[in-house]
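Protein chains: 2
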Amino acid sequence: MDKINLGSTIPAYPMPVSLVGAHVDGKPNFLAVAWFTMVSYKPPRIAIALGKGHYTNPGIKENKTFSVCLPSEEIVEMTDYCGIVSGKKTDKSQIFDLFYGELETAPLIRDCPLSMECKLLEIVESGLNEIFIGEIIGTYTEERFLTDGKMDFRKMRPLILSQPDTSYWCLGEPMAKAWNIGKRYKAKRK
Amino acid sequence: MDKINLGSTIPAYPMPVSLVGAHVDGKPNFLAVAWFTMVSYKPPRIAIALGKGHYTNPGIKENKTFSVCLPSEEIVEMTDYCGIVSGKKTDKSQIFDLFYGELETAPLIRDCPLSMECKLLEIVESGLNEIFIGEIIGTYTEERFLTDGKMDFRKMRPLILSQPDTSYWCLGEPMAKAWNIGKRYKAKRK
Chain A
1453 MDKINLGSTI PAYPMPVSLV GAHVDGKPNF LAVAWFTMVS YKPPRIAIAL
1503 GKGHYTNPGI KENKTFSVCL PSEEIVEMTD YCGIVSGKKT DKSQIFDLFY
1553 GELETAPLIR DCPLSMECKL LEIVESGLNE IFIGEIIGTY TEERFLTDGK
1603 MDFRKMRPLI LSQPDTSYWC LGEPMAKAWN IGKRYKAKRK
Chain B
1453 MDKINLGSTI PAYPMPVSLV GAHVDGKPNF LAVAWFTMVS YKPPRIAIAL
1503 GKGHYTNPGI KENKTFSVCL PSEEIVEMTD YCGIVSGKKT DKSQIFDLFY
1553 GELETAPLIR DCPLSMECKL LEIVESGLNE IFIGEIIGTY TEERFLTDGK
1603 MDFRKMRPLI LSQPDTSYWC LGEPMAKAWN IGKRYKAKRK
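In the order they appear, the protein sequences are chains A and B. Using this note's numbering, read the first sequence as starting at 1453 and increasing by one per residue. Using this note's numbering, read the second sequence as starting at 1453 and increasing by one per residue.
The following block holds chain A by itself, in its conformation from the complex (with noise of 0.2 Å):
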């Protein structure tokens, strides 16, 4: 089949969205984040990258915290308003119930089945955008989330975002072993 180039461009994959939390101006504020990723194992942290005009931004610098919320589909009304006005306008302190883990300054959403409290240690500018890199401090889930232990995304029921068609999707079902399917393939190479 014939490539066709799109060019320069963002590409489409999709993302699992999240609600990013700071205190600014003295007050919790959050907003839709899909641009984030993992990026150490131990410690563990995390990158978001925010464009450099958010209402977010100087609260992370001032208090040097921000939490990394995931919502389910329950609350995706309230996740896309987060995404649609902008702190600057809007007070967005009241629309989740809210608690705190050690950090006082990263606001943890109770209606998220994962959020994250972390510790700023890095800004890195790239064009308009500021990533910032964040460790890990607490990770808080319910046991109503958990399968023998672990996170059952059956359970959480993420939100997965996809930018060009501008649609939320929800995870399918489980396909195949990571670290296993592999080895199907490797045995036939030999």
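None of these hints come from the bench; they were simulated from the model. Each statement offered as a hint is correct.
Note: identical chains are not told apart, hence a pair may lie in one copy or across any two.
Quick list of in silico lysine-lysine cross-link-like pairs, DSS-like style, CA-CA up to 27 Å: (1) 1541 with 1629; (2) 1494 with 1513; (3) 1479 with 1455; (4) 1540 with 1571; (5) 1513 with 1571; (6) 1504 with 1479; (7) 1513 with 1479; (8) 1541 with 1479.
Model, not experiment: these values are computed from the prediction.
We have chain A already, so just place chain B on it with the hints.
Then chain B, alone, in the frame of chain A:
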């Protein structure tokens, strides 16, 4: 519900998995990477986080190029294989049918519905990992993966990885419109 603190640990969220390609010792090599994210919209930039010990890292540094290819469910065995065996011991240059875009040392996989060729901009050290930030020079797909000119995940069938239960998951169904369904919450709030 009571929250449980899993501690300072790597969180469990579903991540799209990619095959990162580079020329190492003069040959194409690929490793499976789920730790990546967009970090800039204009110019389009992507970051990948790799453990420092990987065979691929010196190749990216030498040639200042890499690729990020998004595999589909069809090549799950080969994708997983690239995550099981290291290029240090195994020649992975013959697994896939390859093509190249503008960059001569960013190998692209014909069987992947989406492939990006990237020019290395910066390396950020973080713990035991290196974060490679690259500018996306070209994004390649095929007509058969598009609907109305946009990437269609139903046709692309991306692989989504969860680390804690070591599973690849399928993508489910679209469940809401992004930058839109939040308007319902906005209306309720007024």
